[in-house]
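The hints should help you fit chains Z and B onto chain C, whose structure is shown.
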Amino acid sequence: MTGLNLRALAALGAFLAFLAACIATLTGDTAGLFSREAAVRMFDFARGFWPPAGGTAFLQKLALGSLETLAMSWLGTLLAAAAGLVMALPAAGRWGIVAKGASRLLLNGLRAVPELVWAALVVIAAGLGPFSGTLALAIHTTGVLGRLFAEALENVPADPYLGLRRNGAGVVAAFWYSTFPQVLPQLASYILYRWEINIRAAAVLGVVGAGGLGQMLYFHLSLFQLQDAASVLLAMVLLVSLVDAASNRVRISMTR
Amino acid sequence: MTPAAPLDSALRDPAWRGRVSAALLFLALLAPAGYLAEFNPATLWDPATVLALSRFLGTFIPPEYALDFLKLVAAATWKTIAIATVGTLVAFLIALPLALLANRQLSISALATGRMALLPATARTAVRWLLILLRSIPELVWALLLVRAVGLGDTAGVLAIGLTYGGMLGKVYIEILESADPQATRSLLANGAGRRAAFLYGLLPACLPELVSYTVYRWECAIRASVIMGFVGAGGLGQQMELSMRMLAGGEVLTMLAVFVLLVWVADQASATLRRWVQ
Amino acid sequence: MTTALSAVSVRYPGGATALRNVTVSFAPGEQAAIIGPSGAGKTTLLHTLGCAIRPADGEVTVLGTDPWNLLRNDLHGLRGRLFLAPQAPPLPPRQRVVHAVLAGRLPKWSAWRALRSLVYPVELETARAALGRFRLEDKLFLRCDRLSGGERQRVGLARLIASEAELFLLDEPVSSLDPALAQSALESLQAEAQARGATVVASLHAVDLALARFSRLIGLKDGEILFDLPRAQVGERELVALYGPELCNSFQAPPENQEQALKICRTCL
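Quick mapping for you: the protein sequence lines, in order, are chains C, Z and B.
Taking the numbering used here, the leading residue of the first sequence gets 1, the next gets one more, and so forth.
Taking the numbering used here, the leading residue of the second sequence gets 1, the next gets one more, and so forth.
Taking the numbering used here, the leading residue of the third sequence gets 1, the next gets one more, and so forth.
Pulled out of the complex, with its shape left as it was, chain C reads as follows (with noise of 0.2 Å):
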């Protein structure tokens, strides 16, 4: 007893230490935060967004901003979808032993990056724009969800698909009637929650060049536009809900 006290004492002590040196880090400037004329720049900062801009002109551009978003996001999503689809079988074993350790490697790189650092670097090679942003977004993904497809292929029953070889039935064909109907349900919920977390990233995306809505965000924010930025804050946070509630219901429909 006393001795996991002891151990419980140490992990708490290294702990706080660990704690203790990551502030001491950081105290350099945040000490100035606290002072009254900080706080007096922050509030007026603050207050500079309202009321948030409004104007035909720039409610069409904020809209046109939201659909590119919204295009990145699912044209992101659908090519990482078929490209992780593709993936996936050789992730899962079905190529034999390396070609599995290849593609899960591969996979691995893939989704260690973050999009924005994908977007960084896509932005050099293919130039400013959501393009890039779409790449960026699909290059992400499809680790992502190549390594899930490929799970979910290695989970399910090989019964079906075992039965129609058996009874002569081609490779391709017994994966199309077997293998595929049965994981299909969890491809696509896993490709819709990756849907959700990537009209997350595409909004922000544009902060490296990659268009949309993190775009304009970015430049209003740079010529201190804060009222205009306050309304592509406000169009992010709705689109992102209005997808979820789309996602949402597509995911209802589906387990019907």
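Worth double-checking, as some hints may not be accurate.
Stated by the list, open to error - One-sided and incomplete, this derived list gives chain B residues near chain Z with beta-carbon spacing under 8 Å:
(1) Y120
(2) P121
(3) L124
(4) R128
(5) F141
(6) D145
The set of hints was computed from the structure by calculation and includes no laboratory data.
We put the beta carbon where it would ideally sit given N, CA and C, even for glycine.
Chains Z and B in isolation, oriented as in the chain C frame:
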């Protein structure tokens, strides 16, 4: 096969019409989406792009490993960890009081009637809305705003994580606390114990492992997020990475990507170990 | 085009012997039932005939050729000419019945035609006629997870009808059906086999059903053939030797067989 029954012209797949309309809808959405996203794979094969890209990718090899640079990366990495950790601490300090405020089990007015009095009920709803507001704005956007409010550097990162993750932690804390068995808390409250005592001796012991486990998981996410936030100037590894990318110094980018992947992996392992230990 | 096993033994990886020195032969168009207590090796025997298990010893002949001497493609072609129907057909829950039935056509279809059929079923009439044999034509467009166990079993049999198999290997084909349906389902299968000239080998746990519908009965016990006799020569002695005191449980007893069942059962009581 024996001869089939006479062909029945009424035999049609009832799913067909739905499928055709779904396919048409899909195509009708795909075209404008492609247009809006300026979808044009041809740009990828454009000789100028290929040249620029291959030149940039060429600089990736070999990764940069000069001692000075590694020191810089090490410092930036530590700063990233610090931002994530302190950010999570701030989030915790925001989330815990709000979660307690919003908790129904600790309500004394609900004890007798089963319903809360108007004022506390309003306060609880307001807390929930505040939490939704905090987490519905992505941490990167918070960082973007805060960089302008408090200046470039670590503080913006810490606050951005604190605000977003405060919203997320608060929501999940509420869920965890509400799903706990209310019996212990209620009997303490009914016997006249104060709210704080009821929390400390009734609710907390039952929920502690789950609360800690989720907080640790969020810390792991915060590590990843703090790297990303560096891209908008909120300090740490991301800020260095953005600089190197802007200078097209591929070797430096590669080194930092490797460090990033390693960092995420270590955080993932540490978080898994901690959570196993807590449960 | 005979199908035969000669001195075949099958051992499982664990070391257990499932079939021991089995020799049996089926002429084209012949229909035989395999009976025996559970664990006797009936399923293993069917899987060996269906080229799904490669025996440790002995020779296999399926539809006139030795499957294990064929190239991989030819072996697969041979598998397309037989149909191994498992006791509980493994149907994907969300697949529609029409595709589950038409999956029996896959060996005859190109991959392209198979994919096209998923977009719009290409041989709808075949699928409906096959289901009609088992009074399931109204289930054509239902999802498989909406079916009862007995309906699923009959969908599996409809898949067999839709295929062009020349060798029917049926593992407890009517185990989930009530006696009257079991009778008529077996009748349909046997009539189809006769029309095609296909060979039928069916394992059955209901002895009375086997006696009523098959002219040749093979008794299997502990992986060995105990008897292989025309129906007329299968009597109490053989059945008691095969089942022992379990015999009473081995009757499904549809009305017309009740008398015979009771007669046999009395002997073991």
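| field | Restraint outcome when F141 (chain B) is required to lie within 8 Å of chain Z by C-beta distance | value | holds (5 Å)
| request: Hold the hint about L124 (chain B) up to the distance rule: shortest CB distance to chain Z must be less than 8 Å. | output: With a closest approach of 5 Å, the L124 (chain B) hint holds.
| task | Classify the hint on R128 (chain B) as holds or violated, based on whether any CB of chain Z lies nearer than 8 Å to its CB. | result | Since the shortest Cβ distance to chain Z is 6 Å, the answer is holds.
| field | Supplied contact hint for D145 (chain B), tested at 8 Å Cβ to chain Z | value | violated (16 Å)
| query | Regarding the hint that Y120 (chain B) lies at the interface with chain Z, is the smallest CB-CB distance below 8 Å? | reply | At about 6 Å, which falls below the 8 Å cut-off, the nearest Cβ of chain Z leaves the hint on Y120 (chain B) intact, so it holds.
| request: Go through the hint on P121 (chain B) and say holds or violated, using the shortest Cβ distance to chain Z against 8 Å. | output: It holds, given that the least Cβ distance between P121 (chain B) and chain Z is near 6 Å, below 8 Å.
In terms of the numbered hints stated before, the structure departs from hint 6 and from no other.
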